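Colleague: As you go down the protein sequences, you meet chains A and H in turn.
Quick note: the first sequence, position 68, residue 68 per our numbering, numbers continuous.
Every position in the second sequence, counted from 1, becomes a number in our numbering once 1000 is added.
The reader is advised that the hints may include incorrect statements.
If you want a taste of the chain A side facing chain H, the calculated C-beta under 8 Å gives, among others [as the list claims (entries may be wrong)]:
#1 30
#2 43
#3 56
#4 70
#5 71
Everything labelled a hint here was simulated from the structure, so no lab data went into it.
What you are looking at is a predicted structure, and each value in this text was computed from that prediction instead of being measured.
Cβ coordinates follow ideal geometry from the N, Cα and C atoms, glycine included.
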Amino acid sequence: MPLAYTPTNVPVTINADACIADKGCTVCVDVCPLDVLAIDMAKGTAYMKYDECWYCMPCEADCPTNAVTVSIPYLLR
Amino acid sequence: MTTDNSETIMQVDVLVIGGGTAGPMAAVKAKQANPKLNVVLLEKANVKRSGCISMGMDGLNNAVIPGHATPEQYVKEITVANDGIVNQKTVMAYAQKSFDMINLLDSWGVKFEKDETGDYNVKKVHHMGTYVLPMPEGHHMKRILYRQLKKHRVKVINRFMVTRLLTGKHGELAGAVLLNSRTAEIAVIQAKAVILCTGAAGRLGLPSSGYLFGTYENPTNAGDGYALAYHAGAELSGLECYQINPLIKDYNGPACAYVTGPFGGYTANAEGQRFIECDYWSGQMMLEFYRELESGRGPVFLKLDHLAEETIDEIEVILHSNERPSRGRFHERRGNNYRERMVEMHISEIGFCSGHSASGVWVDENARTTVPGIYAAGDLACVPHNYMLGAFVYGAIAGQDAAEYCAGHEFAELDMQQIEMEKARVLAPLQRQDGITPYQMEYKLRRMVNDYLQPPKVTKKMEIGMERFSEIRDDLQYLCASDPHELMRATEMQFILDCAEMAAAASLYRTESRWGLYHYRVDYPQTDDANWYCHVQTIKGDTDQPECFKREIAPYIVELNDEEKGAYSKLRVASTSA
Ligand SMILES: Cc1cc2nc3c(=O)[nH]c(=O)nc-3n(C[C@H](O)[C@H](O)[C@H](O)COP(=O)(O)OP(=O)(O)OC[C@H]3O[C@@H](n4cnc5c(N)ncnc54)[C@H](O)[C@@H]3O)c2cc1C
Ligand code: SF4
Ligand code: SF4
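Please build the complete structure, drawing on both the sequences and the hints.
Modeller: Have a look at this one:
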């Protein structure tokens, strides 16, 4: 039962210039109730890893540098 | 993945499962009752922002405040709204403690709307009484609860989900098996008491958008607690009384008539006409909503465009900053300006939730389930229409009672075989290199739930649904997860399957119609009090299938007259009836 990957457009975007994950910030990752954000170690920024978002916004509200933008997922928009 | 036998085993007195609304209150109250107890609050997400109130709340939907309502009136209202099928003692316990809880929250810093004299500014939304207390600044809820957790030294464990409860030799609670959603670590907690506070079964039906996580409920709440209680041998009740809510179409959040009603907003048909007397969510209201939606005057809308500019400004601030703050972004793209046009509404996917309807784990007025040592509070505990304040009140009741229970009980012995079996079950999807992904299986399952279980309910359809569910159960041997996060989803998917089977069983068992749309059976259209004035209970049967039976309704402690009994069946505005 082989698997294939289907790319999907995710609703949460991170402004890489503003994100301070490289200084150790993980706030958005910590607060997300669905646990769908992660830190890209190589780039030193947060990103949305799984397209499973409740568009609830703690990630955006709690980010210390206003780097997070939550959009309504495309299927609902 | 290795599966050595070195899982961590912790011992705690009271384990609270779910740190959303009821959970933090339960933990604080258990600690207050006996500060020496070892109380752990376990949360699948992070208590700072977890659960329904993660961003706050627009108001209390069911405040029983002296001068505005009495506990007796409230018990009547809920008895009628729930078509007579209530254990009034549980509703009364809530109603009597409601005002003290509001004052406690007020003293903790929760901001409720007050009038010039400092009184709570309660509004009328229900059909009979006055119970809605707005919280225009309700966005600090989680921060306030977090402060109390720290103050009372409750130990918090985040990012672990409970996958099964463990039971002892006499069927009593012994502990819980946990899965870390980031590392796939398995841990075991031995406990004297657990309090299930895991919220609704919010991922049962598929929203009409098709987006798995675009549910009304916080989708972290997949029905975990319902399945946990079921497998531990507890009774569940009213699972045929689904939760179905009127929502903003596609966005799938509240519109929200409770907020806008007191300002003059209302639910209307395409002609802008009001068709229901009262916007309070009940099965009877949902049936009228459904009929209008499907009629030539449909679909249904939230109407605000007749209101004054200042009023709309005020509504906008509340609706776009609290509770579901992304509402404004949704409206922007759709060009929905409250001033210019009505907002299209639709009905939600089905779910289990006692917070909104009456489907839950059976509890008495002390929040005890039928299994010694297992408590339940909040959306998953069967106290009808309990909402947020009910979650707080029952969280408090459960915390106190569980603390007392600990004093009189020893730890039950852990059964190593139970633990090993559970570990193997949970980790299996991670050991498969390929197969079917949790997303595919969940999508198919929830699509079948829509096709076969969503009201109007039809006997044959529900039977076919059962067959499809059992095929999906056969497919579980192919369920594969490529990382710990997917393993969490795979575990949740199995909870959803348990809930789907329970929903079908309970719905088929009650051969009548009741609660308006919630249990509208096309082939049994009448309400049949002679045979079905009773609770329908569901338990795990000997063949590992859900089994249903009747439970008598305890004698009412607040009597209703005939006019009151009929109040919720007269919701349609006379001039719009067909
Ligand atoms: C959009 C929306 C608007 C609402 N508006 C209002 C309103 O205006 N007024 C009102 O009174 N009520 C309102 N309600 C209802 C109210 O929010 C709920 O009744 C109440 O918050 C339920 O509390 P709870 O503790 O049962 O669930 P929650 O607060 O959702 O907490 C459940 C917690 O359990 C955790 N969990 C789940 N499974 C597991 C597991 N296996 N292991 C560990 N943890 C787990 C979850 O992460 C979550 O944190 C609203 C609900 C929603 C969804
Ligand atoms: S909270 Fe903001 S700054 Fe911190 S990791 Fe997330 S995006 Fe970056
Ligand atoms: S909007 Fe909510 S679910 Fe989506 S990423 Fe942010 S916190 Fe997570």
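Colleague: Does each hint fit the structure? Answer for all of them.
Modeller: Checked hints:
1. 30: 6 Å, holds
2. 43: 19 Å, violated
3. 56: Cβ of residue 56/A sits 5 Å from chain H, so the hint holds.
4. 70: Hint holds; residue 70/A Cβ to chain H Cβ min 6 Å, cut 8 Å.
5. 71: This interface hint holds because 7 Å falls under the 8 Å limit.
Hint compliance for this structure: hint 2 is the single one not met.
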